[in-house]
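Going down the list, the protein sequences come from chains A and B.
Using my numbering, read the first sequence as starting at 1 and increasing by one per residue.
Using my numbering, read the second sequence as starting at 1 and increasing by one per residue.
Don't read these hints as lab results, they were simulated from the structure.
Be aware that a few hints might be false.
[Said to hold, decoys possible] Looking from chain A toward chain B, a few residues come up when the C-beta cut is under 7 Å (computed):
| no. | residue |
| --- | --- |
| 1 | 111 |
| 2 | 116 |
| 3 | 268 |
| 4 | 270 |
| 5 | 307 |
| 6 | 316 |
[Claimed, not checked] Listed next, the in silico PhoX-like pairs over lysine-lysine satisfying Cα-Cα at most 25 Å (straight line):
| no. | chain 1 | residue 1 | chain 2 | residue 2 |
| --- | --- | --- | --- | --- |
| 7 | B | 73 | A | 216 |
| 8 | B | 287 | A | 121 |
| 9 | A | 121 | B | 356 |
| 10 | B | 287 | B | 252 |
| 11 | B | 272 | B | 216 |
Positions of the beta carbon are idealized from the N, C-alpha and C atoms, including for glycine.
Number of protein chains: 2
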Amino acid sequence: MRKVVVKKQREAMSAYGLDLLIAISPENFAYGTGFVVPSQPLMRWRHAICAVNAAGTSGIVAVDMEETTVRGKLPHSDIRIWGEFTEDPMATLAQLISDLGCETGKVGIELSYLPTSDFQKLHALLPKADFIAADKIFDDLRQIKTPEETELLHRLSRISDNAIGASFDAVTPGMTEMDIASALTRSVYEQGAQDFKLMIVATGPRSELPNVGPTKRILEEGDICRVEIFSVINGYHAGVCRTASVGDPPKKASEIWANLVECKYRVLDAIKPGASAKRVYESFIEKFSELRLPPISFVGHGIGLHLHEDPYLGKYDDYELKEGMVLGIEPLVYQSGYGFGLQLKDMVAVTNNGTKLLSDITNTDDLYRIS
Amino acid sequence: MRKVVVKKQREAMSAYGLDLLIAISPENFAYGTGFVVPSQPLMRWRHAICAVNAAGTSGIVAVDMEETTVRGKLPHSDIRIWGEFTEDPMATLAQLISDLGCETGKVGIELSYLPTSDFQKLHALLPKADFIAADKIFDDLRQIKTPEETELLHRLSRISDNAIGASFDAVTPGMTEMDIASALTRSVYEQGAQDFKLMIVATGPRSELPNVGPTKRILEEGDICRVEIFSVINGYHAGVCRTASVGDPPKKASEIWANLVECKYRVLDAIKPGASAKRVYESFIEKFSELRLPPISFVGHGIGLHLHEDPYLGKYDDYELKEGMVLGIEPLVYQSGYGFGLQLKDMVAVTNNGTKLLSDITNTDDLYRIS
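All chains should be modelled from the sequences, with the hints used to inform the complete structure.
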């Protein structure tokens, strides 16, 4: 268990009057323990659970086929193993809750993750426990990263940023989106990522499509190439997007890009502790609206154990920005009306007096050039 | 909507006395529609829902940012869009349920997927509806693939199988696991897969580790190389695993491999409509136990819209095997005690009189040879 996270969880329990706090989603399990149980995100029924009581005593529930992994990562923890085909994880969890002294207590648990049928079983096993939605507690705690989390997100940001640059450098006109993808994924692993998510390789007219992978499309002079990838280590993500032109870019692409770059600097300037996330968005949209294209509803969001997490820098909810937040900032235009899309996504940490760029490898002031 | 699936769903509704059947997990949404909403598996709150009533009338609920994708795929469907930051998908779903005439009806829904807090909202909006767990209905329907599903799984099996062969052919001693991974992922995309899951590249002593990605480890003479990958199209998966030796394999590896190959043929011979899945497993374990290693608890499982689905060929539950099932068959040894692991995973369809091998590219009678 991660001591600093347990401490934050205990403070939250005290504030909300909880006796126990239970993480059951892959991201909050990883938040408490520092690692992802490999099959938990792939097979939802293979529950891995991490509980901490108000005194700071903790316990873990894990499925038998992940026992060696979990014991290896948490050698000194109270680990309860349930058999995949022979036992119910809710029975194991109910026993843990009782052993932690909370069978009649106020138990915070992720009700926006816990499936209904599991909750029904748990409630039947512990009818006197008062189960309360703790989703917002985790969301709020995770908004402020520890220095170690920020350092990992910096490392991941550089992996993504480096990998995209390497993929652009590896190709010339006549090669294909596959060649970009191949260099990209290789670089991500070579730099030590455990995995990646959401690889987007969208070139030429395909650059208008939001979430598409690579095809055999051949790169031609004048193409716009949108490439994004999220590198992953221990459940943490950093997504970076870069846009390149093959040879000289279309004039209109350079004009739109200049707007997106100005948006980026405007957003970076506006972010600081105490700033309103909504007002940062409004400052962005003022510049962005010069493009006379459909506005996007947010220009950034928290990032860490999930691709998107609080806070959002958008037109709806507001949040106060705070030191320790890590944000993905992404001014973008999918359908420009000129046959190409452009996107500039960076990773940024909120510092005591402003921001620190985490995806700090590529100079994005001009479109990257493939030649 | 896929007509043949709607027909199967209506038959199931009739058998269970349901007025409505609601798919809410990514896999069952894909089952009803034939495609995956890109962000649904990545961001659980971006619900995409597919409902069919007893008369066969259907409706779709989708998040605003996926509207163009969903309307493009289902141009003639009743599609209800909810706004990500401004609306609650359960309100949109409740309206759809009412419009389909089921607000006081018996409504089957995936309670093992639907989060507790969403169910609480839905129940409050439609207090007179009788919500019933429909998870088993979907699991049972999906056990028997349509000819189109089997054809797609055949295509995916060949993509995975071909890609692993290509990755072994691309490397020589002195190259690294990264070189295997690079050729592997490239081939998967080049053959038309949209995505892949669970890439395992485990060579030398690392071949003992269950779920590990590639590293910079250099291939040496005598290494055993375990490589697995699941190719993905429209939410369907096909996982294939092959094991190679760099140059001559250790004698013990050839002996264990011969056992695994015999297990494979034994399992293929035993599978036919009407056979007991448990007895197929028992036949396997009889041969496998000659290895005097810890037994594995299942040798196969259904596969399709999920990496693992019913039926399992294992020691616990039993299932009657039926024509139309598609199975992953995987005799394997992780920790052999000799410093290497071996795995042979094939994709198989149950036909009217036996089986058809779907991963039918590589000859696995001997260990694949990297030289």
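Taking the hints in turn, this is what the structure says about them:
At about 4 Å, the closest approach between the beta carbon of residue 111 of chain A and any beta carbon in chain B falls short of 7 Å, and the interface hint on this residue holds. The restraint placing residue 116 of chain A at the interface with chain B holds, with a minimum CB-CB distance near 4 Å, inside the 7 Å limit. The beta carbon of residue 268 of chain A is not positioned within 7 Å of any beta carbon in chain B (closest approach about 24 Å), and the interface hint is therefore violated. For residue 270 of chain A, the shortest C-beta to C-beta distance to chain B is roughly 20 Å, which exceeds 7 Å, and the interface hint is violated.
For residue 307 of chain A, the suggested interface contact is upheld, since its CB lies about 6 Å from the closest CB of chain B, less than 7 Å. With 7 Å as the threshold, the beta carbon of residue 316 of chain A comes within range of chain B, its nearest partner Cβ sitting at about 4 Å, so the hint holds. For the given pair, residue 73 of chain B sits about 23 Å from residue 216 of chain A by alpha-carbon distance, which is consistent with the 25 Å threshold. For the hint pairing residue 287 of chain B with residue 121 of chain A, the CA-to-CA distance comes to about 40 Å; that exceeds 25 Å, so the pair is violated.
Note on residue 121 of chain A and residue 356 of chain B: the hinted pairing is violated, with a Cα-Cα distance of about 41 Å set against a maximum of 25 Å. A hinted pair counts as satisfied when its Cα atoms are at most 25 Å apart, and residue 287 of chain B with residue 252 of chain B qualifies at roughly 17 Å. A threshold of 25 Å between alpha carbons decides the hint, and for residue 272 of chain B with residue 216 of chain B the separation of about 43 Å lies outside it, so the pair is violated.
Going down the numbered hints, you'll see the structure goes against 3, 4, 8, 9, 11, while the others check out.
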